[in-house]
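Build out the structure end to end from the sequences listed, making use of the hints.
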Amino acid sequence: MKPTRSQVTGSAAGGHSGSPARGSRGAASAQPLRIRAVRSRGLSVRLDIRALTVVVLLIVAALVASVVLIGTGDFPIPAADVIRTLMGNGDAGQEFIVNELRLPRVLVGLLVGAALGLGGALFQSISRNPLGSPDVLGLGQGSTAGALIMIVLFKGSAFQVAGGSLVGGLLTGLAIYVLAWKRGVHGYRLVLVGIGVSAVVTAVNGYLLTKADLVDAARAVVWMTGSLNGRGWEQVWPLLTLCAVLVPLVLVNARPLRMLEMGDDVAYALGVRVERTRMLLMLSAVLLTASATAAAGPVSFVALTAPQLSRRLTRSPGPNLVPAMCMGAALLIVADWASQRAFGADQLPVGVVTGVVGGVYLLWLLVTERKAGRI
Amino acid sequence: MLVDSPPEQRAETAPAPPNRRAIRAAGLLVSLGVLLAVAVASIAIGAKHLPVDQVWHGLFQDSGTYSDVVVRERLSRTVLGLLVGAALGLAGAVLQALTRNPLADPGLLGINVGASAAVVTAITFFGVTSLTGYVWFAFAGAAIVGVLVYSLGGSRSATPVRLALAGTALTAALSGYLQAVMIMDNAALGKMRFWTVGSLGSATNATIMQVLPFLAVGTVLALGLARPLNAVAMGDDTARALGAHLTRTRALSMIAATLLCGAATAACGPIAFVGLMVPHAVRSFTGPDLRWILPYAAVLSPVLLLGADVMGRIIARPAELQVGIVTAVIGGPVFIYLVRRRRTAQL
Numbered sequence: 485m486k487p488t489r490s491q492v493t494g495s496a497a498g499g500h501s502g503s504p505a506r507g508s509r510g511a512a513s514a515q516p517l518r519i520r521a522v523r524s525r526g527l528s529v530r531l532d533i534r535a536l537t538v539v540v541l542l543i544v545a546a547l548v549a550s551v552v553l554i555g556t557g558d559f560p561i562p563a564a565d566v567i568r569t570l571m572g573n574g575d576a577g578q579e580f581i582v583n584e585l586r587l588p589r590v591l592v593g594l595l596v597g598a599a600l601g602l603g604g605a606l607f608q609s610i611s612r613n614p615l616g617s618p619d620v621l622g623l624g625q626g627s628t629a630g631a632l633i634m635i636v637l638f639k640g641s642a643f644q645v646a647g648g649s650l651v652g653g654l655l656t657g658l659a660i661y662v663l664a665w666k667r668g669v670h671g672y673r674l675v676l677v678g679i680g681v682s683a684v685v686t687a688v689n690g691y692l693l694t695k696a697d698l699v700d701a702a703r704a705v706v707w708m709t710g711s712l713n714g715r716g717w718e719q720v721w722p723l724l725t726l727c728a729v730l731v732p733l734v735l736v737n738a739r740p741l742r743m744l745e746m747g748d749d750v751a752y753a754l755g756v757r758v759e760r761t762r763m764l765l766m767l768s769a770v771l772l773t774a775s776a777t778a779a780a781g782p783v784s785f786v787a788l789t790a791p792q793l794s795r796r797l798t799r800s801p802g803p804n805l806v807p808a809m810c811m812g813a814a815l816l817i818v819a820d821w822a823s824q825r826a827f828g829a830d831q832l833p834v835g836v837v838t839g840v841v842g843g844v845y846l847l848w849l850l851v852t853e854r855k856a857g858r859i
Numbered sequence: 036m037l038v039d040s041p042p043e044q045r046a047e048t049a050p051a052p053p054n055r056r057a058i059r060a061a062g063l064l065v066s067l068g069v070l071l072a073v074a075v076a077s078i079a080i081g082a083k084h085l086p087v088d089q090v091w092h093g094l095f096q097d098s099g100t101y102s103d104v105v106v107r108e109r110l111s112r113t114v115l116g117l118l119v120g121a122a123l124g125l126a127g128a129v130l131q132a133l134t135r136n137p138l139a140d141p142g143l144l145g146i147n148v149g150a151s152a153a154v155v156t157a158i159t160f161f162g163v164t165s166l167t168g169y170v171w172f173a174f175a176g177a178a179i180v181g182v183l184v185y186s187l188g189g190s191r192s193a194t195p196v197r198l199a200l201a202g203t204a205l206t207a208a209l210s211g212y213l214q215a216v217m218i219m220d221n222a223a224l225g226k227m228r229f230w231t232v233g234s235l236g237s238a239t240n241a242t243i244m245q246v247l248p249f250l251a252v253g254t255v256l257a258l259g260l261a262r263p264l265n266a267v268a269m270g271d272d273t274a275r276a277l278g279a280h281l282t283r284t285r286a287l288s289m290i291a292a293t294l295l296c297g298a299a300t301a302a303c304g305p306i307a308f309v310g311l312m313v314p315h316a317v318r319s320f321t322g323p324d325l326r327w328i329l330p331y332a333a334v335l336s337p338v339l340l341l342g343a344d345v346m347g348r349i350i351a352r353p354a355e356l357q358v359g360i361v362t363a364v365i366g367g368p369v370f371i372y373l374v375r376r377r378r379t380a381q382l
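Listed in order, the protein sequences are those of chains B and G.
Counting in my numbering, the first sequence runs from 485 upward without gaps.
Counting in my numbering, the second sequence runs from 36 upward without gaps.
I should point out that these hints are in silico values taken from the structure, not numbers from a laboratory.
There could be a bad hint or two in this list.
[Said to hold, decoys possible] Quick list of simulated restraints, FRET-style, between CB atoms:
{"#": "1", "chain 1": "B", "residue 1": "D575", "chain 2": "G", "residue 2": "N221", "range": "37 to 47 Å"}
{"#": "2", "chain 1": "B", "residue 1": "V552", "chain 2": "G", "residue 2": "V182", "range": "54 to 64 Å"}
{"#": "3", "chain 1": "G", "residue 1": "R56", "chain 2": "B", "residue 2": "V750", "range": "39 to 49 Å"}
{"#": "4", "chain 1": "G", "residue 1": "M219", "chain 2": "B", "residue 2": "L547", "range": "24 to 34 Å"}
{"#": "5", "chain 1": "B", "residue 1": "G714", "chain 2": "G", "residue 2": "Y372", "range": "34 to 44 Å"}
{"#": "6", "chain 1": "B", "residue 1": "V662", "chain 2": "G", "residue 2": "R275", "range": "39 to 49 Å"}
{"#": "7", "chain 1": "B", "residue 1": "L547", "chain 2": "G", "residue 2": "F320", "range": "57 to 67 Å"}
[Said to hold, decoys possible] Heads up, simulated DSS-like pairs for lysine-lysine below, C-alpha to C-alpha not over 25 Å straight-line:
{"#": "8", "chain 1": "B", "residue 1": "K639", "chain 2": "G", "residue 2": "K226"}
{"#": "9", "chain 1": "B", "residue 1": "K639", "chain 2": "B", "residue 2": "K695"}
{"#": "10", "chain 1": "G", "residue 1": "K226", "chain 2": "B", "residue 2": "K695"}
{"#": "11", "chain 1": "G", "residue 1": "K83", "chain 2": "B", "residue 2": "K666"}
Glycine included, C-beta positions come from ideal geometry on N, C-alpha and C.
Here it is, written out as structure tokens:
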């Protein structure tokens, strides 16, 4: 929970970026060969070869997994046929199954995973805490409260539930920001306030669950776990639009965010408008997380693990926004495929798998990092 | 020499003690008075309101009238509230000192979710339906997870960060299991959704007797750990230099916390926030000395828990709101206030 401490460990491990090493400037300069600069006529772009490779590999992995996932189900389709159908040359039956049923589900999965990965990376960077994911800060619970109110009190349609969860998530994000505001938002205070808010909302959710009848409660629990079942084009378009706006906005601010990790004073001295950047990025993170949650429910642990995993792969300091985004998308699709393979189609929602896998991953991390003497 | 009296502690108690110590002792007495008043209120207030003289009658001259029966029922509820409240407060204070993390509570070390997973297993796979049956499962679940967290956290070389991470990891894996079972089995969902909010409503003398031995051992252990934990709070190196036995202190603290939280959670379901909030509130006027924090937490936590329980009965009369919900709804804002008021709430 102390960023300063992990900073020391991170640079001591020689750019290994072992424990959550945020803002360790030493790590980058320790391995200068990995960084290339591409210059042409006054414009100079710094390229991290390893990070670039990781991103490409992750995208390939996500696409391969998507093709496999489209082919998986009660009516299996070979990968070659899937690709042919996606290109527009399949037969009518396969075309219906692929384009109307399975492709939108996979697209929702990719978008939700990417949004959660990016949102998680932003939150962890802003709060300067590897555990500062939207799950911990209570955004998931806020979205759940909105959805539960729609399910339990109004017996709403899927669309109304999504709307309720979006409003719930946004209001919770706003509440956390306002409550944590005190001449600026301090990362530590943000996490603490988030935990307070999340506990209150969790209690409200528990109350709503006890008041529901059993059918509604069962529906609510499936929603609360996070599921991609039955997601269609009507979820794809709003998510895609939102990502198209927010992702570039966030990436433009990646540099100031990286400076923010060095502390407010340093960032200020380097010319970053601290509060404005932070507010903009937090708002984007809240929007990304809330709309992902509205589409698929609060899929646990993607937002927490995706940034951590990608940081370990790229071994590069800083927020690692793009790798985290690709990692989130790949993770969610693979998890959805695993849940369908392991338990049969549509038996258990994807959130169960991400929860268990996320937990096991954290445990593995704990054991290996201990052996390497890094935590 | 250092082993006997660490210089920091001497410095803490020696210079201006008589005054401050007297104030703290008086504060503890006042807190005890408040606790007594809340306990009486907890017996008197409910769906049927009883005046104090009838409470007295029911407690000491029980002649089997209707109101005497009501008093007896509410008495076991109040006693359980007292025990569980004290246990949660003590466990919270011990865990916060042990992990040097102001956010440590039974939830953080996975103890709540361990108990929940065990209860859901009991319902679904062993067909247990009675609350007295849950208790052992919940306790076993909490204990197993407690041991696992400790050993995964590095047992002999456990550090605060590692313990917290191990708790988070186990929580994630177990809640996946919990949700899977609840989705597959509607009967389990029907029971679990009431158990997980945390309630004193099902208190019986049998439950109290089941958990009492664990609570007693846990309380004694926790209170005895005040001095070593004071040293541990200064950081590992300082503590070692002061002669504290780190491994033993950590192991004993984990045992105490697991006994206390496990028994409390087994008796009335996971109750959030009491263990997190009370030690925070207490620390703001006792300072960091655990020899004061622990007794204060043990007295003031039941005040919060019983107070919340009484409020739950008043708000939703003639039904009642589960105490776990009320503590979180009151506790959340108070916690946020505390966080905002201090510069940073670090230990």
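Would you list, in rising numerical order, the hints stated earlier that this structure does not obey? Violated hints: 2, 11; rest satisfied.
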